[in-house]
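Participant: Residue-level listing of the chains:
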Amino acid sequence: MPEDATKYLSHLELGEPDQTFLDSNELIINMGPQHPATHGVLRVILKLDGEKVLGTECVIGYLHRGVEKIAEHRTYAMFNPYVDRMDYVAAVSNGLGYCEAVEKLQNIEAPPRANYVRMILTELNRVASHQLWLGTHALDIGAMTPLFYTFRDREEILKIFEKYCGARLTTHAFRIGGCLYETYEGFEQEVLKFVKFVRPKIDEYEDLLTTNRIWVERTRGVGVISTKDCIALGVTGPVLRASGVKWDLRKAQPYAAYAEMDFEVPTGQNGDTYDRYLVRLAEMRQSLRIIEQAVEKLPDGPILAKVPKVLKPPVGEIYHSIEAPKGELGYFIVSDGSTQPYRVRVRPPSFVNLQALDIMVRGQLVADVIAVIGTLDIVLGEVDR
Amino acid sequence: MPDFLTAYLQSNVTPGEAGSAFWALIYVLIVFAGISVAVMAMNWLERKALAHFQIRLGPMRVGPHGLLQPIADAIKLLTKEDIVPSAADKFVFWLAPLIILCASFTTYIVVPFGRAHAITDLNIGILFMLGVSSLSVLGVVMAGWASNSHYPLLGALRSSAQMVSYEIAMGLAVVSAVLMTSLNPSGTGTLSMIGIVQAQEAQQTWFVFKFFPLGFIALGVFAIAMVAETNRAPFDLPEAESELTAGFHTEYSGLRWSLFMLGEYAAMIAVSSIAVTLWLGGWLRPFPHWLAGQSWDLVFSLFPGLLFLGLAAIAFVGVGRMPKHPYFKIQTAGLAGFGAVLGLIGVVLFIPPVRDRVQDIFWFIAKVAVFMYLYIWYRATFPRYRFDQLMKVGWKVLLPVALGVLLLTAVAGILF
Amino acid sequence: MQPVATTFFFYLLAGLAVLGGVLVITRRNAVHSALALILTLLSLAGLYLMLYAPFVAGVQIILYAGGIMVLFLFVIMLVSIEKSQKEEQFNKLWLVGLLAAIALGGLFIGVYVKGKALFPEAKVVLEEGNNTQGIADYLYGHYLFTFEIASLLLLVAIIGAVVMAKKRI
Amino acid sequence: MEALGQISTLHYLVLAAALFVLGVIGVLTRRNVVIILMSIELILNAVNLNLLAFSRLYGLHGQVFSIFVITDAAAEAAVGLGIIIAFFRNKETVNVDEVDLMKW
Amino acid sequence: MQEETKPPVPPSPGGTSPPANPPVVSPETASSQAPSVPPHRAAAPPKPAGPVPEPWISPLVAKLQGHYGSGIREAVSYLKQNYLVVDPSLLPQLLQVLRDEEEFDYCVDITAVHYPERENPLEMVWILYSFARNQRVRVKTAVKDGASVPSVTSLWPTANWLEREVFDMFGVRFDGHPDLKRILLPDGWKGHPLRKDYSILQQDNEWVQINLGIESGQ
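Chains as they are written, first to last, in this note's numbering: chain A, 1 to 385; chain B, 1 to 416; chain C, 1 to 169; chain D, 1 to 104; chain E, 1 to 218.
Derived from the structure by calculation, the hints contain no laboratory data. Built from N, CA and C at the ideal position, the CB exists for glycine as well. There could be a bad hint or two in this list.
[To be verified] Rough simulated footprint, nothing fancy, chain A against chain B, three-plus residues with beta-carbon under 8 Å:
#: 1; stretch: 221–230
#: 2; stretch: 322–331
#: 3; stretch: 374–383
#: 4; stretch: 386–397
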């Protein structure tokens, strides 16, 4: 590996920029942080040969809020809402990972009903996250219409969230030890109704894009990343699965009640943008399957375990990770036995996946950079924390 | 004066041919005003249609169903601060939108809205149209260069490369249609726009159906190339907002920007007019030979009036469905007034002399409107091509296809 | 169609053409020069129309104004003009060049005026309506060989331009 | 306007001569290669104007020839601009006075 | 590191901290709490006996211990999660062995924890995962302040940004890193915010004043 390790190095030797565009071997173009296609405040420095990308360097940190530092000054419960602000389009997943990590550390077990409710909400959120991804990704590639379709359907999910916990985006739906709120009247029916509603809608997105020649041309063979590169770069989530690795933490190391669910892990073969698109669409369908099963099996019982008023986990450390919509979202929590975590480290999937941008766009064209940033499905709130 | 009018009404040639400078001037004014209004209407329609494609409502606030939105936009754009970047080349920056505007409006000199409804009939009409519309490339390049900024410059380079490459396929497709005009006993074709339509009349078929599928393929090539030529989706890379912000007019704002928009939409209508003239029989009504005869003529000549009455009916249905709250009183009255005006126009269009005079224009505009709708439809459906793919489509697909069609048309013309 | 106000339009277009020509050779900024050249070309196209040559006028607009000049503008944008603007614009022999050129112009005009008698009295009737067909007849009949040579020339030019503009020669 | 009289062939020829001379001045005195090329275009256009003016007297041959001239101008512009790009790439200038090497 | 005999487990609040203390601790006290070295007996007493760290016994550990001897300080399993505490001198080789021979081919995360009171205050943590075994392992080592750690970018390219973040937040230098510079904070920033001696309210005022033109960011 060391001999080809250099191919992963993304720092650019920035030469004197050529003003004339003529011998454009070293044309340096700055994209972002204020750019409509960088999904927030990502800044990418592109080194171009004409329109061909020779290398990129990401400049991140514009949204850095020091979440990990804040965690050291909040109690375990007080820190819970902060994690919602990292990946704000999949806030429920963030909360799930954090709550489960602290529960493990504290040696509490969430009651089964809580696990099922958690699962339902998390999968709903996965669908919402993928829908938002699809809309913005298609918009980046120039298809305007899917954005409105996906946002229409995502709205229904947000309505369920709002009804459940009062918030739409940064939900803070879960508490350490379970969920704070019992489900509202008609929750199950509403969720099932949503599943029935959204299934044909996913076909609708497919109608617009999957066989659309321009979409296929824009995405097939673009931003290819091999399985080997994926693993070397620690890329997880749909990106890894589209490269052919059938690895999903929900299957590999089941948490919540995923072990009792029957679902498949969709994979792709080529590791290109088109496969990632198909994988995410298939994941949305699988999520709907999980939701249906979970609603069906939703057990009765308490929804919140007996949790001490003051959480003081024993001295020790834990690494717990879940399959967030973007990939492996891990929490490494060190407890010193006090009420506040000694150290909370978040292993953000977007941050790690973003590293793969360079290798995915080398040799491709500028327009592909935008497609690849879109297909990586990054959320800058999580990249910068 | 009445003599003047009646003389005009009885003439059956364009004012340019008649050598009547006065009527030519009137026509110029009418056409330019009409195009400006059409651009505004197109703007409104595009926003509404696109919105409905995308399950939105579109403009709803200014006037009933946003009918006055283009006017509000125009006022906004006119009163906006006119920003010129300090490092820009002021003169060129000022000139570029004017060139694009002039290039797209000048083409209308030869567009035949009817046998007598064109400003003039140049015998190099189609050549003139292609030539003048290709001048807008200059405006694009100048705008990009004068802004003295990277994104506009890259956008301008892309855009001009695109326009120049698609012009070739477009020209070849046009030539194959022009070739069809020579299929008459005398063996000479014509480049005149009116002559082309008359050739279709004489050959009793629209060129789109001539030597099927050759004419159809040629129209297809032209229809694709014209979308690229006008920088519209899915070929709108110069304006790919996710890549180059707004392309060559990134630095423009206010009035100048609106001139670009005006020019773009006018060019869209102009190239659609070329397509309609060359392949879809221009001002000829549908089925001129299949459904021939006095009575069918009468039926088809009723269409314009019926259309306007239909629109008026829709407006009145809208009035009926308006909320009854006093807040909407003005809106309701406005919509009713609009409906009344539409109905009045419809009634006027039933008067026989007007009816006969106007139906050419009506059919022409109806056909152009189909292409306009296609533009909107493309925009709602397609993602954007990448630059190399766009060049590939232009050079490796459209150009060989156009050449092949041209060859086959020539062969077919000799054989049949 | 009889041209109207020929005199007025001739002087207008001729003035614009000469103005454009003067600007071409005096502007410091090459883009402005190119724009001035476009002005000249368009006014010449107008003059061609007045000379009953509508087809040539159309070709002038499409090829010259829409094609060649776009190529020029492209190249001017590619080569950095900031540097060349600061340099001295005229070479050291500008006075000699100017004198030589003016002498040449005087010669021309002298020849034209003297040789006016050689111009035929009667003008050929050029029918505007048949202009394109007439040109086509000559082009594909009388001048067919020349036409083929021209296409060969264009092919050579394409190859030459590609070879020249390639990165490594 | 009347004083200037009817426009005759001579008028066109004088105009063509003027444009020709302007072009020659440009070629002889400017240092920027691009502008020299443009001056050549100016000369070619003067020739075209001459051809068309005479074609009014002698028939369509002049017009046909002017088309050939335009073809030639296109070829010349393509090759010339190609040379300019190659030149600029190597010398970083468009100044014709600096083309003083037989080889680079 | 040589005379350190006690396992470098996470610190406990020490015997002084009564368990029923009010939970809200001001930031200052939290960061200045003395994490003394007593081992893990301090797990909250009133709780039912929670899981305790147990020795991690597995062929892997046996093999590594056989190979590196006392370089493997400890192999612990806590909450069903395994970690190795190793001597910093073993580092690149051990990780390479784990990757190449034991199939821990996915480097999940690299991070650090700062214990200012310890002799070797910066504890580095590598979290590895094996797709083949479906198993995670943490490799930990403690280094001195200002010491540098071998970079693993040549083993796992993903370490590039992760190490830059650790450098940014803790000031740990990585030998052999191709482009070690700040990643989340701006380049000219002074201080490493996730160290315990960096107050939560602290910021690089000078940088803020120069670059943002405001008096203070708070």
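Participant: Where does the structure disagree with the numbered hints, that is, which hint numbers, in rising order?
Facilitator: 1, 2
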